[in-house]
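Enquirer: Quick note, the sequences are listed as chains A and B, same order.
Sequential numbering from 1 applies to the first sequence in the numbering used here.
Sequential numbering from 1001 applies to the second sequence in the numbering used here.
Just to be clear, a hint being listed does not mean it is correct.
With beta-carbon atoms standing in for the labels, derived distance ranges [said to hold, decoys possible]:
| id | chain 1 | residue 1 | chain 2 | residue 2 | range |
| --- | --- | --- | --- | --- | --- |
| 1 | A | Lys234 | B | Phe1011 | 28 to 38 Å |
| 2 | A | Leu26 | B | Cys1043 | 52 to 62 Å |
| 3 | A | Glu571 | B | Gln1158 | 53 to 63 Å |
| 4 | B | Thr1007 | A | Arg551 | 50 to 60 Å |
| 5 | A | Ala376 | B | Thr1170 | 38 to 48 Å |
| 6 | B | Gly1078 | A | Ala376 | 31 to 41 Å |
| 7 | A | Pro557 | B | Cys1043 | 32 to 42 Å |
| 8 | B | Asp1159 | A | Arg298 | 29 to 39 Å |
| 9 | A | Tyr315 | B | Thr1170 | 40 to 50 Å |
| 10 | A | Tyr554 | B | Arg1054 | 37 to 47 Å |
| 11 | B | Lys1071 | A | Gly289 | 42 to 52 Å |
| 12 | B | Asp1159 | A | Val216 | 52 to 62 Å |
| 13 | A | Leu26 | B | Asp1159 | 53 to 63 Å |
Honestly, the hints are just simulated from the structure, not real lab data.
Yeah, the Cβ is synthetic: ideal placement off N, Cα and C, and Gly gets one too.
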Amino acid sequence: MDKILRIDMGAQGGPKMTTEPVGEYLGLGGRATTSLIVNKEVHPLAHPLGAENKLVISPGMLSGSTGAMTGRLSVGCKSPLTGTIKESNAGGQAAQVLARLGYAAIILEGKPEGDELYKIFINKDGVKISVDNSLKLLDNYPLVEKLRGEYGDKPAYVTIGSAGERQLLAASIACTDPELRPTRHCGRGGVGAVMGSKKVKAIILDDSGLKHRTPVNPEKYRDANRKFVEGLRKHPVTGEGLPAYGTNVLTNVLNEAGGYPTYNFKTGVFPNGAKISGEAQAELEVKRGGSATHGCHRGCVIQCSGIFNDAEGNYVTKQPEYETVWSHGGNCGIDDLDVIARLDYMDDNIGVDTIEMGATIGVAMDAGLAEFGDGAAAIRLVEEVAKGTPLGRILGCGAEITGKVFGVEKVPVVKGQAIPAYDPRPIQGIGVTYATSTQGADHTAGYAIATNILKVGGDVDPLKTEGQVALSRDLQIATAAIDSTGMCLFIAFAIMDQPETFQALLDMLNAFYGTNLTGDDVVALGKKVLSAERDFNKRAGFTAQHDRLPRFFYTDPIAPHNQTFSVSDEEMDQVFNW
Amino acid sequence: MSQACSTLQLFLHREQVRAFSAIVQQGFSFRVEAGSTLEDLLCRQLRLDPDFVRGRITTIFLDYKPVDDIKTAVLRDGSTLALSGAMPGLVGATMRRGGFYSAMRGGISHGEESAVPSGEGEIKVKLFNLMMEELGPIFLLKGIVLPLSEMKDFLARQDPAFWKGCSESTLDGRPVLPEALIKGEGIPQAGERVRLCVVFEELKS
Ligand code: SF4
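Please model the complete structure; the sequences and the hints are all you need to start from.
Expert: Below you can see the structure in the form of structure tokens.
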């Protein structure tokens, strides 16, 4: 990973590529690379779909090696959905392959004139950019199928569906999984629309003839990786709960806590939650000959995913994640796993963020476009997005736009991005992260529950109200750091509870790069990334007033606990006070 | 709340425990000593190993409130208790009992109880994820109480493999044939609820 591929899609005479040394980004990866480049190179007032915006694609620090869990791909840009800086990441095979090809980043910049649609093929011999208008308006599944006919089964495919081409603000970028299905998405923030604005339909990454990346100290790396894997396997969450039930294991628990936003955030309990729980989902998957345990990329030892088949045993989609089951399920009053799986497939195929899409359907239901609980109507609404009808374009631009167009008062978004599957009224701490994240409402922004080991913020008194703010700060720092390593965030449970597993992760990084990183260095990296993101947002016009939840969270209590969000603005403004 | 009802007893292969996943997730009634602490229920009444309780039952809700201390959480007649293993995600960690992030849901945590009347009582129990298989057989052995309609639906939807794994079935101590149970004929029509006891045999190779 010693070079950066820069492609000016708007160059005179057609796209022009240059390869440059990695320079100041050496030893970085994932979110660190994308956010530092975007902050440095993108004008903060640029139109997100204009020539001045850039799409930066970066593998993790350890991607392409033999290390476990190292396959997250980060995509960064100025978000058309939020107007803030954006980093969105996904699993799949792409990060591993891109890293083995030697690229620390691909930067797509400029904007072509005219209607030509491009594909970019990268292998060990170089880069080829070509026009392929036969791909126009193909959705992800048929698109990958067609590309496989030309490039075969070896590459990893990074693609956009029709939503990306139409530059809809909820558009995602798909990455293929080991079975070459476009199931892993950089979903949040409309990154697919930015790729669409550059007129790039597909990036085909082929590492044929290339080996794994070699660590500076291979023996130490192997040893640390072994300990790391042992730690993941022995922890009840990463070794048992996630492999058995996937992330949707959270449905029952959030429902029981009264923190499961239901009917567009009107109540905290979905009466039929058990019908769409991870437990019910896993049982159905196994019964139908699918699988409840599956890795989204090679080298994943947790395997939180699965395969969802229909009643006849035919593939429908990958195992929908908790946030998807929530957004299309309980949030819309839908208790049918087959309907939810169908919607998950449609989202992946069209190329839209499942959280944004489900939240949008919830808002549309509030607007009277469909009844809560009507699965067929939800499918019809998503079909509108697939067809690109005027209604579909509105829905495909997310919950905020839909709420405005249809006059819905209560729209669950922060900085234009839909709030995910955890209600911030009973779980106030997560509300602080939703409100203050540099990314718009994002449950993963403060996800890396390893702060007690990292000791990022010194000693926090968790019993004090200001503890919420301090915890959110620490979580956001730790998450920014883990996002930069390119490791799957689900490692966080094992590294939180088992200091030796966290040490094994540090040892992996040090053995790979020949460094002596400590926990403090990881914290410093997290702060550096967040500072760059905050700097960009500030220059883009964001102030403390944008770090707030929608008003109804402060005024409307939610059952069963009848709580409102009560962290004060003054406290909230202390999150980034370090 | 407790009232007399018929008892159906099944002797099943261990692997049939999965058939009960919907029932245990949605919740069943269970007789307890009201006024006792959660620790008393788990460690004395159910005889669970304290290490198991500490290490495996890491997420507990009593009346929809996350519990941090099982020594002070007290069961009332009519309470709802949910038991779960460790959960993923920040919110999963937040719900963990006595966890580092419990402050993030401080407003809904289970607090100190005022005096709770003691005596015979009944609670609703829900088992999630890993607890379904680890605690399901223990509750089922002691006997759970279900509405008659739910019991009939459960018996009717079991496939032949389930009945193949059933070596014996009795109703109030008298043998009853699976065919009758499937048709709902073995269960008395009177009474609104049934007590179900299941003895799981170890898998025979
Ligand atoms: S744990 Fe899940 S999300 Fe993470 S790498 Fe494995 S399959 Fe992908």
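Enquirer: Determine for every hint whether it applies to the structure shown.
Expert: Here is what the structure says about each hint:
1. A:Lys234 / B:Phe1011: 28 to 38 Å: Given range 28 to 38 Å: holds, Cβ gap about 35 Å.
2. A:Leu26 / B:Cys1043: 52 to 62 Å: Distance hint for A:Leu26, B:Cys1043 holds at roughly 56 Å.
3. A:Glu571 / B:Gln1158: 53 to 63 Å: About 54 Å separates the Cβ atoms of A:Glu571 and B:Gln1158, which means 53 to 63 Å holds.
4. B:Thr1007 / A:Arg551: 50 to 60 Å: Since B:Thr1007 and A:Arg551 have Cβ atoms about 55 Å apart, the given range 50 to 60 Å holds.
5. A:Ala376 / B:Thr1170: 38 to 48 Å: Given range 38 to 48 Å: holds, Cβ gap about 45 Å.
6. B:Gly1078 / A:Ala376: 31 to 41 Å: The hinted range 31 to 41 Å holds for B:Gly1078 and A:Ala376, with Cβ atoms some 39 Å apart.
7. A:Pro557 / B:Cys1043: 32 to 42 Å: 37 Å, holds
8. B:Asp1159 / A:Arg298: 29 to 39 Å: 36 Å, holds
9. A:Tyr315 / B:Thr1170: 40 to 50 Å: 44 Å, holds
10. A:Tyr554 / B:Arg1054: 37 to 47 Å: 38 Å, holds
11. B:Lys1071 / A:Gly289: 42 to 52 Å: 46 Å, holds
12. B:Asp1159 / A:Val216: 52 to 62 Å: 57 Å, holds
13. A:Leu26 / B:Asp1159: 53 to 63 Å: With Cβ atoms ~60 Å apart, the hint holds.
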